[in-house]
Amino acid sequence: MSALNWQAVVAGVGGQGVLFVTRALATAARKKASRILISEVHGMAQRGGAVVSHLKVGGYSGPLVAAGRAELVFSLDPGEAVRNMAFLAPGGTLVVNAPDLDFLTPQAREALAEHQVRAVCADAGGLASGAGAPKGANVVLLGAAAAAGALPLATSDLKDALLLGQPAGRKKMNRKLFTLGQGAV
Amino acid sequence: MAKKRRQEILLGNEALARGLVECGVQVMTAYPGTPSSEILPAVVRFGKERKNPPYSEWSVNEKVAVEVALSAAYTGKRVAVAMKQVGLNVALDPVMSAAYIGVTGGMIMVSADDPGPHSSQTEQDSRLLAHFAKLPVFDPDSPAQVRDLVAPAFALSERFGIPVMIRPTLRVCHGRQSLYLRQPKEVERPAKFVKDPFRWAAIPKMRLALHQALNAKLAEIADFVSQSKSLNTWHAPPRKGARLGILASGVAAALARDVLAELGLDVAGGKVPFLQTSVPYPLPAGAVNELLSSCSRVLVIEETEPVLELLAPQRDKLWGRYSGHVPSAGELTPDVLGQVLEGALKQARVKTPRPRGKVLAVPDQAPLRRPNLCPGCSHRAAFFAMRRALPKGVYPSDIGCYTLGLNQGAVDTCHDMGAAVTFASSLSRSFMNDGQDTPVVATIGDSTFYHSGTTGLINAVYNGARFVLVILDNETTSMTGMQPTPETGLTADGHPGRKVDLIKLVGGCGVNWIEEVDPYDLGLMQKTLKKAWRHAKSKKGSVAVIIARHACAAQRPQDSMPVMIPVQVRGPAPPALARFDAKANPCADCGRCLAICPAGALRRVRKGSIKVDPAKCTGCRLCAEVCPTGTMVLAASGACTACGLCTTWFACPALKPDAQGYIDIDRTWCVDCGMCLEVCAQGAIVRKGAKS
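If you read the sequences in order, they're chains A and B. Numbered according to my numbering, the first sequence spans residues 1 to 185. Numbered according to my numbering, the second sequence spans residues 1 to 692.
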């Protein structure tokens with residue numbers, strides 16, 4: 001087992017499947033590290049629309065990511081990408097459900113470049129809607145992230161995680177959406 | 001028979017439940033409350049792996065839950081009870097006596113804390129209440145650890161005959177971690193109640209003896225805990241002459257280790273002695289003394305109140321909340337801990353090899369997303385009707401989803417479970433005694449009413465209070481994850497239960513004015529509210545109870561919205577202001593327009609004369625709608641005029657104003673409930689496809 005140390009923040013708004021993405025990443029990471037910690041949002045906070053979860057894989061003790069330490073910020077919503085950008089480590093990767101970074105001010109784009117952030121953009125929402133599954137943007141964006149090499153995980157493990165425990169129809173759809181995402185970058 | 005070890009990524013609450021089931025828990029009780037709600041359902045789920053699953057119940061409130069579990073432990077059973085930290089306040093009465101009297105079986109009380117707070121009224125620290133009640137308390141740092149602490153907690157409880165508290169915080173409860181599952185143990189202990197009235201029914205004189213015995217017991221427990229290697233972990237051993245040491249417990253201890261590693265101070269490297277205890281009370285004095293004797297200063301890291309700091313000896317050596325090194329409110333996030341640790345290390349002149357991470361700062365603002373009721377939620381309709389029917393009312397409310405009626409200006413107080421009823425009884429009496437006609441309309445959810453509403457209602461009826469109580473009955477406990485209420489008769493683990501009828505219960509409290517309404521019928525809801533208030537304020541009036549019943553839109557959308565009613569917003573139209581025109585139609589001086597104006601734009605100049613402040617009038621048309629004489633004039637435009645009435649009084653996430661305030665339907669949120677059709681006084685919200 002290669003010892004992976006990896007910190008990620010997954011963000012979005014209620015109903016986009018933030019927790020599903022986090023759990024899929026965690027499940028796929030199990031082959032790479034024995035210790036996995038996640039922090040989720042439940043209760044009143046969930047009613048607010050903004051949902052965020054933290055994922056720490058490897059030699060960590062606590063479940064929260066510190067500002068400036070996440071190798072990956074994965075956001076299903078551009079606004080939530082803004083909210084959670086401060087978690088990005090220098091040289092980290094921002095994966096966002098948007099066709100490009102035009103949702104940011106020029107100053108913000110400059111700051112990202114200075115922080116040496118790599119941005120992976122994909123209109124996952126549009127692609128998922130086009131495929132008849134508007135709630136499947138999360139799986140499309142995962143496919144895009146995997147194809148762009150933004151995840152230190154084996155793509156086959158990630159695919160397995162996306163299918164784990166899903167009914168047959170969803171399995172087929174998730175496969176399709178993931179492939180769609182892979183082709184988007 | 002070697003079985004393959006099963007590894008799962010469990011939620012902290014599931015891990016805790018797993019520990020309870022693996023240790024053979026026989027009776028499990030709880031009342032839901034974030035962040036503790038997932039414990040009991042997981043006990044039920046894992047319990048099915050056993051030949052004899054535990055008896056599990058959602059109790060009506062936390063006091064009841066503690067008493068049910070505690071008395072089962074009087075018969076020798078292994079029991080557990082779970083609640084959130086403010087639930088512990090409700091349960092404090094039986095909890096205070098629990099340590100004195102003790103148990104013959106094993107008992108774990110779980111009280112989940114919420115530093116932040118994220119979903120609670122207070123940031124209180126249950127460990128302080130454990131200390132107050134003289135109960136040993138465990139403070140886990142992770143999902144895996146909370147599972148692993150269940151066995152020693154039961155062992156301690158049974159060895160010393162005392163209930164033991166486990167205090168996880170939100171980050172433990174709602175953390176997830178990979179862990180290996182163990183085979184659940186079958187504990188077979190037939191109920192055996194040994195009569196001992198001097199203990200179980202001790203009179204005050206005996207209580208003194210029990211208290212003395214308890215103190216002796218606690219001293220023994222302190223020794224036992226102090227000597228335990230597994231309950232006290234030296235992440236870095238004590239080192240003579242260390243400038244700074246760390247004493248920590250709970251999830252903050254885990255995060256502090258990560259922060260130290262990021263600062264380049266590998267904890268195991270041993271530069272900073274680091275003692276983490278899983279049992280803050282009774283304090284493991286031996287280990288703590290060893291740490292304090294070896295270090296010049298000791299920084300105490302714990303959430304949320306100073307407990308280790310309060311109990312530890314050599315107070316002058318401690319850095320923590322009393323010395324101002326650790327903030328006295330709020331969660332100890334990695335960023336807060338980073339500042340605390342960096343500051344303390346610097347002050348103690350301990351070099352850190354690496355600075356804290358460089359943080360990306362952007363000028364862009366993330367969108368404001370305040371918590372809101374779900375689209376399609378019937379509470380929204382009830383709140384709108386309250387504002388519309390009794391606009392000058394005072395609206396005490398309670399704890400649950402419906403606290404979010406705040407967004408509609410229909411929640412004026414929110415204090416503790418059941419306070420809507422008692423607050424309403426007292427507020428209305430204050431107004432009435434002073435001759436003020438201020439409608440008081442209280443709202444409380446069904447589960448909260450069963451939890452703590454009835455005592456206040458009995459008190460109100462008995463003492464002749466007069467107000468309107470709206471029981472928002474969606475037949476579930478929605479905020480915490482749709483746990484069943486007594487109204488449904490469904491039980492946590494499927495054991496036979498019986499329905500407790502809400503209307504009969506309200507009638508049994510002595511209420512003689514009860515009406516049931518579906519709040520989706522906004523017109524009827526308004527009429528009923530007015531009628532209820534007329535009854536309440538009349539000379540022979542009493543408490544008037546409206547049961548606003550509609551299925552929860554999140555739990556049972558098909559029952560909540562059996563017919564899809566897609567809507568559209570017509571417009572935009574230019575804004576227009578209300579006019580007062582007494583020439584054609586003289587004013588009756590009824591004051592209805594003054595009462596309803598949401599903008600405070602109307603002023604009574606003299607009898608029969610109203611002045612409209614054009615700077616304040618939004619043109620919402622409510623004054624024209626309520627005016628019986630046609631003196632207030634504003635024609636319905638049939639199109640959106642950006643008046644803002646729907647956003648302030650209805651606050652549906654699907655009604656999105658643009659920069660100018662004109663409304664459009666946000667289809668990602670809209671569930672086609674059709675409720676908003678009756679909201680707009682301009683008639684701008686219409687069925688999709690309707691002709692103008």
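Because the hints were derived from the structure by calculation, they are not lab data. Just so you know, not all the hints are guaranteed correct.
Listed next, with one range per pair, are the computed distances between beta-carbon atoms [stated by the list, open to error]:
| id | chain 1 | residue 1 | chain 2 | residue 2 | range |
| --- | --- | --- | --- | --- | --- |
| 1 | B | Pro562 | A | Arg175 | 33 to 39 Å |
| 2 | B | Pro190 | A | Arg175 | 50 to 56 Å |
| 3 | B | Arg207 | A | Gly58 | 31 to 37 Å |
| 4 | B | Gly661 | A | Ala113 | 33 to 39 Å |
| 5 | B | Arg498 | A | Ala154 | 50 to 56 Å |
For lysine-lysine, the following DSSO-like pairs were computed, each having C-alpha atoms within a straight-line distance of at most 30 Å [as the list claims (entries may be wrong)]:
| id | chain 1 | residue 1 | chain 2 | residue 2 |
| --- | --- | --- | --- | --- |
| 6 | B | Lys134 | B | Lys217 |
| 7 | A | Lys32 | B | Lys358 |
| 8 | B | Lys185 | B | Lys392 |
| 9 | B | Lys240 | B | Lys217 |
| 10 | B | Lys688 | A | Lys135 |
| 11 | B | Lys134 | A | Lys171 |
| 12 | B | Lys217 | A | Lys31 |
Beta carbons are placed, not taken as given, at the ideal position from N, Cα and C, and that holds for glycine.
Status of each hint after checking the structure:
For Pro562/B and Arg175/A, the Cβ-Cβ distance of about 34 Å falls inside the hinted range of 33 to 39 Å, so the restraint holds. Between Pro190/B and Arg175/A the beta carbons are some 54 Å apart, a value that agrees with the proposed interval 50 to 56 Å. At about 53 Å, the beta-carbon gap between Arg207/B and Gly58/A misses the expected band of 31 to 37 Å. Between Gly661/B and Ala113/A the beta carbon distance is about 37 Å. The supplied range of 33 to 39 Å therefore holds.
A hinted range of 50 to 56 Å holds for the C-beta pair Arg498/B and Ala154/A, which are about 54 Å apart. Between the alpha carbons of Lys134/B and Lys217/B the distance comes to roughly 10 Å, so the proposed pair stays at or under 30 Å and holds. At most 30 Å may separate the alpha-carbon atoms for a hinted pair to count; Lys32/A and Lys358/B meet this at roughly 27 Å. Between the alpha carbons of Lys185/B and Lys392/B the distance comes to roughly 60 Å, so the proposed pair goes past 30 Å and is violated.
A threshold of 30 Å between alpha carbons decides the hint, and for Lys240/B with Lys217/B the separation of about 33 Å lies outside it, so the pair is violated. For the suggested pair Lys688/B and Lys135/A, the alpha carbons sit about 23 Å apart, so the restraint of at most 30 Å is met. With a C-alpha separation of about 53 Å, the suggested pair Lys134/B and Lys171/A falls outside the 30 Å cut-off, and the hint is violated. In summary, the hint linking Lys217/B to Lys31/A is not supported, as the alpha carbons are separated by about 47 Å, beyond the 30 Å threshold.
In this structure, the earlier hints numbered 3, 8, 9, 11 and 12 are contradicted, and the remaining ones agree with it.
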